[in-house]
Amino acid sequence: MKFYNKLIYWYLKNKRTLPWRETQNPYFIWLSEIMLQQTRVAQGLSYYLKFTTTFPTVFDLAKADESTVLKMWQGLGYYSRARNLHYSAKYIVNELNGVFPSTYKEIIKLKGVGDYTASAIASICFNEPTAVVDGNVYRVLSRYFGIYTAINSTEGIKEFKTLAQSLIDKKQPGTYNQAIMDFGATQCKPQNPLCESCPFNDSCVAFEKNLVKELPVKEKKIKVRKRYFNYLVIKTEDQKTILSERKGKGIWQGLYQFPLIESDKSINQKEIVNSEKFIDLFPNETTISLYNKKEIIHKLSHQHLYTSFWIVETKSLKKATISWNKIKQFPVPVLVANFLEEFQPKN
DNA sequence: AACTCGGGGAC
DNA sequence: GTCCCAGAGTT
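Everything in the first sequence is counted per the numbering used here, starting at 11 for the first residue and increasing by one.
Everything labelled a hint here was simulated from the structure, so no lab data went into it. This structure is a prediction, so every number in the text was calculated from the model and none was measured. Take the hints with a grain of salt, since some may be wrong.
As the list claims (entries may be wrong) - Okay, the calculated beta carbon distance ranges per label pair: (1) 321 / 231: 52 to 62 Å; (2) 50 / 221: 40 to 50 Å; (3) 293 / 321: 35 to 45 Å; (4) 255 / 293: 37 to 47 Å; (5) 28 / 285: 42 to 52 Å; (6) 105 / 207: 46 to 56 Å; (7) 104 / 22: 38 to 48 Å; (8) 125 / 229: 32 to 42 Å; (9) 69 / 49: 41 to 51 Å; (10) 34 / 277: 50 to 60 Å; (11) 60 / 255: 20 to 30 Å.
As the list claims (entries may be wrong) - Subject to a maximum C-alpha distance of 30 Å in a straight line, what follows is the list of computed DSS-like cross-link-like pairs (lysine-lysine): (12) 230 / 245; (13) 257 / 60; (14) 12 / 121; (15) 181 / 171; (16) 12 / 228; (17) 16 / 259; (18) 12 / 303; (19) 304 / 231; (20) 115 / 73; (21) 259 / 180; (22) 12 / 168; (23) 73 / 100; (24) 16 / 73; (25) 219 / 23; (26) 328 / 257; (27) 171 / 233; (28) 223 / 171; (29) 304 / 275; (30) 233 / 250; (31) 171 / 16; (32) 171 / 23; (33) 303 / 245; (34) 336 / 73; (35) 168 / 25; (36) 121 / 228; (37) 309 / 325; (38) 250 / 338; (39) 250 / 199; (40) 168 / 180.
Glycine residues also receive a C-beta, built at the ideal position from the N, C-alpha and C atoms.
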């Protein structure tokens, strides 16, 4: 029996019921695929429902402000996905008359769409036999065929794409692609895969040679940068504060935060008050107090942010233009959202 | 080729 | 703590 027949047989019996499996609307499939990049189904699901409800068509998404899109994306991470999604929605509306491109070659031109996403959309929506290679596919193929090539090397990326392409069922590429991903997610899992009940355990190289735990091979690990964030949470007597948008490179582009004093180590209240930024911001009298006694360690994949929130009260401040009761309309990082939730449970 | 971009869940 | 998730863009 061919590889794809066995796989699709498994899929038809074991597939998860998911909302984006009920449609071939390329706009919906696109939304789901962008959201699920480096994101578990369980985490992306509610965002998918929220987006498809609020923006039922690409025209609705294109019409929205970027800030609105980011607010809806808040908490999902990798915010460039939301910015690129919005950019591409406007492109589809303005340049393509709202018609979603229908071939891999055209789909991959969209910003935020790479080989994986273009293959997924082309196969699921337009029946084009382009094989997806995501983390699940790397794992399934490296184990089944006993391949040691690092999945994040240039060579590995090429090798696995070619292999995946040779295995696809050209008559039902969309079903095949979803099958191999679902199989990787629920059966051939990273840890404790269900080999004893696996339909491939009579022909899987890794199972036969007891290499399941060694595969797939991945090169090098990331190193984590430590940063020290001191947020100045301003409260004026007329209930205003300052939020500013993060611009340029780095994390959280387009999201908002309180005025930030960053340092390369922990700093105390005296150092805050004597800093250039603080003096520039508050020429007049203020009261400052540390909100969290212990630094909050916010962990990103490449950075650990040691964070202190400083409550700064002052009579009035010209730059403080944002009312506290409107603060939750702004897209903010989870680090800031968590603080606001505790500091201002209302709204 | 290496780095950067979030947040969370499973172990 | 470690790994990694329906990856892509930039340097």
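Given the hint that residue 16 pairs with residue 73, does the C-alpha gap stay at or below 30 Å?
45 Å, violated
With a cut-off of 30 Å on the C-alpha distance, tell me whether residue 309 and residue 325 pass.
35 Å, violated
Take the C-beta atom of residue 28 and the C-beta atom of residue 285, compute their distance, and say whether it sits inside 42 to 52 Å.
Once the Cβ atoms are compared, 50 Å apart, the range 42 to 52 Å for residue 285 and residue 28 holds.
Has the given pair, residue 219 with residue 23, been kept, meaning a C-alpha gap of at most 30 Å?
28 Å, holds
Straight-line Cα separation of residue 304 and residue 275 no greater than 30 Å?
14 Å, holds
Just tell me: holds or violated, for the beta carbon distance of residue 104 and residue 22 against 38 to 48 Å?
41 Å, holds
Is the straight-line distance between the alpha-carbon of residue 223 and that of residue 171 30 Å or less?
22 Å, holds
Assess, step by step, whether the Cα of residue 171 is no farther than 30 Å from the Cα of residue 233, and give holds or violated.
28 Å, holds
Range hint 37 to 47 Å: satisfied by the CB atoms of residue 255 and residue 293?
24 Å, violated
Restraint check for residue 336 with residue 73, where alpha carbons must lie at most 30 Å apart
22 Å, holds
Measure nothing beyond the straight line between the CA atoms of residue 230 and residue 245; if it is 30 Å or shorter, mark the hint as holding.
Since the Cα atoms of residue 230 and residue 245 sit roughly 46 Å apart, the hinted pair is violated (cutoff 30 Å).
Holds or violated: residue 171 and residue 16, Cα atoms, limit 30 Å.
20 Å, holds
Of the numbered hints stated above, those contradicted by the structure are hints 1, 2, 3, 4, 8, 9, 12, 14, 17, 18, 21, 24, 30, 37, 39, listed in ascending order.
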